[in-house]
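S.K.: One-letter residues, chain by chain:
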Amino acid sequence: MEKYTFKDFKSDQEVRWCPGCGDHAVLAALQRAMPRVSEILGYKKERYVVVSGIGCSSRLPYYMDTYGFHSIHGRATAVSTGIKVANPELSVWQACGDGDALAIGGNHFIHAVRRNIDINIILFNNRIYGLTKGQYSPTSKFGAITKTSPYGTVEHPFNPGSLVLGAKGTFFARGLDTELKLNEEIMVAAAVHNGTSVMEMLTNCVIFNDGAHAEIADRAYREDRTIVLRHGEKMIFGRNRDKGLVLDGLKLKVVTIGEKGITEDDILTHDAHSDNIGIHMMLADMKYPEYPVALGVIRDVNDITYDAAVRMQVEQVTEKSKIHCVDDLLHSGSIWEVK
Amino acid sequence: MQHKVIDTKDVVIRFAGDSGDGMQLTGSLFADMSAIYGNELSTFPDFPAEIRAPHGTLSGVSGFQVHIGSGHITTPGDLCDLLVAMNPAALKTNARWLKRTAMVLIDGDAFDEEGLAKAGFSEDPIRELHIEDRTVIVAPITRLTEESLKDSGMDIKTIHKCKNMFTLGMACFIYSRPLEYACRYLEKKFHRKHPEMIAPNEKVLKDGYNYAANIQAIPNTYTVEPAHMAKGFYRNITGNQATAWGFLAASEKSGRPLFCGSYPITPATAILEELAIHKSLGAKTLQAEDEIAGICTAIGAAYAGDLAVTTTSGPGLSLKSEALGLAVMTELPLVIVDVQRAGPSTGIPTKTEQTDLNQVLYGRNGECPIAVIAAHSPANCFDTAFNASKLALEHMMPVIMLSEGFLGNGSEPWKIPSMKDYPEIRPPFATQEDIPFKPFMRNPDTMVRKWGLPGQKDFEHRVGGLEKNHDGVLSSDPLNHEMMVRERAEKVARLADVIPPLEVIGNKSGRLLVVGWGGTYGHIYTAVMQSLAGGKDVGYVHFDYINPLPKNTAEVFGAFDRILVCELNSGQFASYLRGLLPQFTYLQCNKVQGQPFLVQEIVSAIDNVL
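Residue numbers (the numbering used here), protein chains in the order written: chain D, 1 to 339; chain X, 1 to 610.
FYI, nobody ran anything at the bench for these hints, they're computed from the structure.
Listed next, the in silico BS3-like pairs over lysine-lysine satisfying Cα-Cα at most 27 Å (straight line):
#1 X/LYS457 x D/LYS7
#2 X/LYS253 x X/LYS420
#3 D/LYS45 x D/LYS10
#4 X/LYS415 x X/LYS188
#5 X/LYS188 x D/LYS322
#6 X/LYS193 x X/LYS279
#7 D/LYS339 x X/LYS9
#8 X/LYS253 x D/LYS322
#9 X/LYS231 x D/LYS339
#10 D/LYS339 x X/LYS420
#11 X/LYS188 x D/LYS320
#12 D/LYS322 x X/LYS279
#13 D/LYS44 x X/LYS457
#14 D/LYS3 x D/LYS45
#15 X/LYS231 x X/LYS253
#16 X/LYS279 x D/LYS320
#17 D/LYS320 x X/LYS420
#18 D/LYS322 x X/LYS231
#19 X/LYS193 x D/LYS322
#20 D/LYS45 x X/LYS457
#21 X/LYS188 x X/LYS157
#22 X/LYS99 x X/LYS9
#23 X/LYS189 x X/LYS415
#24 D/LYS322 x X/LYS415
#25 D/LYS339 x X/LYS188
#26 X/LYS415 x X/LYS279
Away from chain D, derived, C-beta distances all over 10 Å, residues of chain X:
#27 PHE121
#28 ASN214
#29 PRO427
Given the structure is predicted, the values throughout are model-derived calculations rather than measurements.
Ideal placement from N, C-alpha and C gives every residue a C-beta, glycine not left out.
Please model the complete structure; the sequences and the hints are all you need to start from.
M.R.: Pasting the structure below:
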């Protein structure tokens, strides 16, 4: 088996994103994740297909030296679905933005998750329309001032994680553009997972929404305002690793270890493989300032995938059927002979 | 009364009743029996959009017309010889289809005060409809069915569902159809899921037959001898079924697995349903979340190497427009089926029309030509779907196949072909010689690019909606764009090198050329034959290939003084021809009523010119 490095996945195309754009880092993480995925799953390079819709982040396929399909606005999920059903051997990756996947492509997005088709969706969330130069998106915060909301938006944003889990998604993870290592780890986990893997990548848009996630992303307080979840590990966070999450009745609560008799044993342990979607929903929904924002793999459970089910049905029906070629079909059912 | 048995060449029977009365089944059964008996035939289901419209109302009337004959039958017939009307509403909406010599068979029990009021009759319906001169047979069908099944132990609702078998029995007597075919069919239909329904249905059927024989009210009965059909095996097939099977055939001949991504829409849904059955032939069907996903999943499947298909009707095609452009731009093989219905917007979903021609030719942004071919009869949908797939796969392009509600739902007997008579389909796969792979390098003769399949080493490339150069690299260079626009158009235009030339039916030159396309073939053909028999100087060409036109089109047109374009729209094909071949003058014969032509309408149009 050939051993790949990130260079094998870099195309010869000039990367045209703005300097400082969060997309650069996500691209770098993907180019680093793919050799790892190949190592773990034994994929040759030609098995990778990167699909995208329209928007800044959707330029990504041109920068990957893999098979690529830059489709139309909102429809990447449908194109990916067709590719995967046609050839389940392919490792299908999709790059899409918050406007692309959740506004114009919202329908395809939720249905892909519902079907649990085995594709890996990287959702670049910068809470703005960048390529059309600064209009609000379905993830823009209530009141966001943009070119199409000069007095502030009057609509509530989607939380992509809630959408995915609401559609009974089997994999949801959240990354942050500058967390290269974590993003790579998330991407590898997404590839290993069978089913629709949604990776929300919180990205910054330096031009139209600078500081999109600054309130949690700034180095000065990132560790206090985010929590990195890992399966089997305690839900502990903070610069001093002294804060944690506990269940308080039916709600999550932030506590400080060492205060009010709280010990590490009281802190919840993350179970990404639990069937119970409720706790995952609560974790995905956590917002600053009440909670730290959850990063890492929040949910990763097994279920039958759409592409495998399609293939299985074809095999089962073929085994039972008496029709194995078109001539058989033409002579099946009610026919008569003119002599 | 003196009973006569009259041998006739052809008859048209129209079954009409409430949408829950089982008229579609009765009609298809009569058609199937006649096919097995050896008649040629053509059928025309004419039903409302509502699944169960209010009982007994005019809007809820469902009809099924079948034309059987001992000679060549190409249409479901204009007017009928027998109208079966299960209630007053059915009589009212269908009386206009009666021949002057027609017989009317009605269920007298349904003609009570309530039924008459629902249909808006104030007095004697026969007089009100001015059909006193027709032979009207009033039979108490509901009561007789109840009587027939009174010992069956079935509840009254189920018993009433067997009324249609009573009428079918009567129709079988009138047209000398042996009941054994119907019985065999009932056994086949019910033996798996409802074996308990076989005996009661057969009993009612036989009672209906015997009742008709005994009442002495039916003046004449008729025989329609078997037609002289070519030897071989036959089956009945609807256009939608034939379309689905044509794709399966193309999949077999190309070795590419079939993928169909579609969203349910009348009247195209049956294609998706049919393909969903045939997983044993490797067909993968994806019922998408919307029309756009239907075509986009198909485009994805095409990129991955499948024979990709999406099926829809006019409103669905509107939704797919942007993605059609993507298929043109990425130069991927894809077949889009549009089973046309009456529009615009939701229009009249269950009624037929040819009004999407402009949409398929022009309805996209940018310079975006697409190959368009049209089916001309239900069975011909098989060859059309096959040919559309062959063109798409071998020329790396989307191809639109036009069908019509009339073809999709209509059926005809079909001499079963053998797959060995169909050509292989050979897509232009990229080979080792094409490395380094440049996805948009073209064959200079056909302008066709190579197909590099994901999963294969060294063909990594990117496609997409943005303009590119031959190497597959993004380019907004003005001259490159213009060149690519020209090349994509030229690729479609050069299909003319591989499509068959027009064949003129009737006179090869002379005073009038009748022109048609799509599902009007049977009606126009019959009309032209009648006109020729009446001594008119007329020829006829029917276009299966619409974009591009066959190469000999101008030559054929030039041999006639005048050209009459007949189509079920306001003149879309005529306008298209005017644009491409402006040297000729085009007369028009148009109808936009959601109904097929009547033969008589075309005969009159020909008479008006000559």
